[in-house]
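Taking the hints into account, I'd like the entire structure generated from these sequences.
Numbering-wise (the numbering used here), the sequence shown opens with residue 117 and increments by one.
Think of the hints as simulated: they come from the structure by calculation, not from any bench.
A couple of the hints might just be wrong.
[Said to hold, decoys possible] No farther apart than 27 Å at their CA atoms in a straight line, the calculated lysine-lysine pairs in the DSS-like style are these:
1. Lys-360 / Lys-276
2. Lys-239 / Lys-289
3. Lys-473 / Lys-537
4. Lys-520 / Lys-564
5. Lys-626 / Lys-587
6. Lys-226 / Lys-289
7. Lys-527 / Lys-516
8. Lys-226 / Lys-178
9. Lys-564 / Lys-578
10. Lys-626 / Lys-444
11. Lys-516 / Lys-444
12. Lys-520 / Lys-444
13. Lys-473 / Lys-289
14. Lys-520 / Lys-473
15. Lys-276 / Lys-239
16. Lys-626 / Lys-578
17. Lys-497 / Lys-578
18. Lys-239 / Lys-163
19. Lys-178 / Lys-163
20. Lys-401 / Lys-473
21. Lys-497 / Lys-391
22. Lys-516 / Lys-497
23. Lys-473 / Lys-564
24. Lys-391 / Lys-516
25. Lys-473 / Lys-391
26. Lys-360 / Lys-391
27. Lys-163 / Lys-235
28. Lys-537 / Lys-520
29. Lys-401 / Lys-360
30. Lys-564 / Lys-497
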Amino acid sequence: MNRVGRHPVLQCCLLAALFLVPRTFLLSQKVTRIEIMNAELTAFDQKIGRDARKLLGNVQLKHEDVLMSCDSAYFYPATGSVDAFSNIRVIQGDTLTLTGDLLHYHGNTKLAEVRDNVKLVNKDITLLTDYLNYDRTSQLAYYLGGGILTQEENRLTSGKGYFYLDTEIFIFKDSVIITNPDYTIYSDTLRYDTRTEISYFYGPTEIINEERYIYCENGWYDTQQDISLVTDHAYLVEAGRTLKGDTLYYEAEQGFGRARSNVELIDTTENMILKGNFGLYYREKDFAMITDSALMIQVEGTDTMFVHADTLRSLQNPETEEGSRILKAYYRVKIFRPDIQVMCDSLEYVEADSVFKFFGEPVLWSEENQLTATHISVVMKDQQLYRMYLTGTAMVISRKDSTKFDQMRGKEMTGYFTDNKLTTIDVTGNGQTIYYAEDRGIIVGANKTFCSDLVIYLRNNKIVRVNYMKKPDGTYYPLEMFPAEEALLADFKWVEQWRPLTYMDVFRWK
Numbered sequence: 117m118n119r120v121g122r123h124p125v126l127q128c129c130l131l132a133a134l135f136l137v138p139r140t141f142l143l144s145q146k147v148t149r150i151e152i153m154n155a156e157l158t159a160f161d162q163k164i165g166r167d168a169r170k171l172l173g174n175v176q177l178k179h180e181d182v183l184m185s186c187d188s189a190y191f192y193p194a195t196g197s198v199d200a201f202s203n204i205r206v207i208q209g210d211t212l213t214l215t216g217d218l219l220h221y222h223g224n225t226k227l228a229e230v231r232d233n234v235k236l237v238n239k240d241i242t243l244l245t246d247y248l249n250y251d252r253t254s255q256l257a258y259y260l261g262g263g264i265l266t267q268e269e270n271r272l273t274s275g276k277g278y279f280y281l282d283t284e285i286f287i288f289k290d291s292v293i294i295t296n297p298d299y300t301i302y303s304d305t306l307r308y309d310t311r312t313e314i315s316y317f318y319g320p321t322e323i324i325n326e327e328r329y330i331y332c333e334n335g336w337y338d339t340q341q342d343i344s345l346v347t348d349h350a351y352l353v354e355a356g357r358t359l360k361g362d363t364l365y366y367e368a369e370q371g372f373g374r375a376r377s378n379v380e381l382i383d384t385t386e387n388m389i390l391k392g393n394f395g396l397y398y399r400e401k402d403f404a405m406i407t408d409s410a411l412m413i414q415v416e417g418t419d420t421m422f423v424h425a426d427t428l429r430s431l432q433n434p435e436t437e438e439g440s441r442i443l444k445a446y447y448r449v450k451i452f453r454p455d456i457q458v459m460c461d462s463l464e465y466v467e468a469d470s471v472f473k474f475f476g477e478p479v480l481w482s483e484e485n486q487l488t489a490t491h492i493s494v495v496m497k498d499q500q501l502y503r504m505y506l507t508g509t510a511m512v513i514s515r516k517d518s519t520k521f522d523q524m525r526g527k528e529m530t531g532y533f534t535d536n537k538l539t540t541i542d543v544t545g546n547g548q549t550i551y552y553a554e555d556r557g558i559i560v561g562a563n564k565t566f567c568s569d570l571v572i573y574l575r576n577n578k579i580v581r582v583n584y585m586k587k588p589d590g591t592y593y594p595l596e597m598f599p600a601e602e603a604l605l606a607d608f609k610w611v612e613q614w615r616p617l618t619y620m621d622v623f624r625w626k
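This is how it looks when you write it as structure tokens:
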């Protein structure tokens, strides 16, 4: 007797196995089996495959929840596949319809390959292409030879496209273009969520409409709300201004923009650039703010002015016609321009008047002269220095040598410029001067004079003459007899060490 016959338990197990294996196989076949629902003519054709059937006329097939129809088809039961021809229609559920001229369907893997005049409709989305593969298992439809997708007013074209039907997300690659009555998008790679109508960009991208242009290499755009967040070499152009930053957020309907890191706002009409690491922009208010290493660069003819402060604000002047602006800078302000430098706590520039106003212990340097006052105003004309007004303990100091200083002090001063050089200063009220006399370039004495009003004349920014206008009261001291305690006027403060000598020095505070 064989060993199996000796063990009834083992024999029962083998019989059970023999019973279960074909049942499992049949269940598997049932899951993947394709049913022929209709055909006007059916014939076996051994030339094309074992047990292959040729189906003609109003062919209808079913695989699970998918219905397929065509004019003719070859059905391969052994492999569970179908080749269908002409008037292809694939319907899945009540949302997806797929049509084309040719179909090769793999029943075992649930992969449909549709070719020529392909059209996929899913809810409000229509996709047109000549090459489409649809994997029912992963719910992925994709094309590799160019396609067109439409959804309401949006039309998208690309070289390659991948549509995940379960999440309703498209991924497009190669020459991606989205067109809409309100905008056009060009991108290298784009992910599009059809439910939210948000586009995500990967690679060089342009968003264009009649009012603005946006460039980035990463980010997203909400096509419904007209909101975008873009990064990587991102910039926005609108109304003659360009906004740059590592990250840009923009709400087009509100006209609100926010920029972070390496921010630049370029105003070509004003020849002005605002730079920093954080910025805000309001289109309707015509307002911009830059902070965190804020810097303004103003091109004025052949000269360039650099202004640094903790915060810079540029806004529309409410008291003038549209286009006139006000610039405000605060705190720790420094200005560098080849012919003039300034340090103060805050400033205001009124474009309509071409006036700079400096507040908070302002110091102004013009060549060899240091000017201080409670408030200083500088008037520009044709982008040139024109007038300067000092009020409240006004003082002009210039170094004579390492220990001696020419000094002029008064209640108010008015400075006059010619070709951006300070040529005359009128002193009004409580005038005081210390002026060193020279003989053949050698300092020989000092004049200390009190006079209500006086006029200072300069040549090449050096004091060459002082006219005392009303009853001067002065004393001339030979140099060796000039008392040291008389050598400095009240409120004297020489701060040359704080003076910016290059545009980079504006970032150095005291």
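Structure-based check of all given hints:
{"no.": "1", "hint": "Lys-360 / Lys-276", "result": "31 Å, violated"}
{"no.": "2", "hint": "Lys-239 / Lys-289", "result": "23 Å, holds"}
{"no.": "3", "hint": "Lys-473 / Lys-537", "result": "19 Å, holds"}
{"no.": "4", "hint": "Lys-520 / Lys-564", "result": "13 Å, holds"}
{"no.": "5", "hint": "Lys-626 / Lys-587", "result": "40 Å, violated"}
{"no.": "6", "hint": "Lys-226 / Lys-289", "result": "25 Å, holds"}
{"no.": "7", "hint": "Lys-527 / Lys-516", "result": "24 Å, holds"}
{"no.": "8", "hint": "Lys-226 / Lys-178", "result": "12 Å, holds"}
{"no.": "9", "hint": "Lys-564 / Lys-578", "result": "18 Å, holds"}
{"no.": "10", "hint": "Lys-626 / Lys-444", "result": "21 Å, holds"}
{"no.": "11", "hint": "Lys-516 / Lys-444", "result": "36 Å, violated"}
{"no.": "12", "hint": "Lys-520 / Lys-444", "result": "37 Å, violated"}
{"no.": "13", "hint": "Lys-473 / Lys-289", "result": "55 Å, violated"}
{"no.": "14", "hint": "Lys-520 / Lys-473", "result": "30 Å, violated"}
{"no.": "15", "hint": "Lys-276 / Lys-239", "result": "21 Å, holds"}
{"no.": "16", "hint": "Lys-626 / Lys-578", "result": "26 Å, holds"}
{"no.": "17", "hint": "Lys-497 / Lys-578", "result": "23 Å, holds"}
{"no.": "18", "hint": "Lys-239 / Lys-163", "result": "41 Å, violated"}
{"no.": "19", "hint": "Lys-178 / Lys-163", "result": "25 Å, holds"}
{"no.": "20", "hint": "Lys-401 / Lys-473", "result": "23 Å, holds"}
{"no.": "21", "hint": "Lys-497 / Lys-391", "result": "25 Å, holds"}
{"no.": "22", "hint": "Lys-516 / Lys-497", "result": "31 Å, violated"}
{"no.": "23", "hint": "Lys-473 / Lys-564", "result": "31 Å, violated"}
{"no.": "24", "hint": "Lys-391 / Lys-516", "result": "39 Å, violated"}
{"no.": "25", "hint": "Lys-473 / Lys-391", "result": "21 Å, holds"}
{"no.": "26", "hint": "Lys-360 / Lys-391", "result": "9 Å, holds"}
{"no.": "27", "hint": "Lys-163 / Lys-235", "result": "32 Å, violated"}
{"no.": "28", "hint": "Lys-537 / Lys-520", "result": "23 Å, holds"}
{"no.": "29", "hint": "Lys-401 / Lys-360", "result": "19 Å, holds"}
{"no.": "30", "hint": "Lys-564 / Lys-497", "result": "35 Å, violated"}
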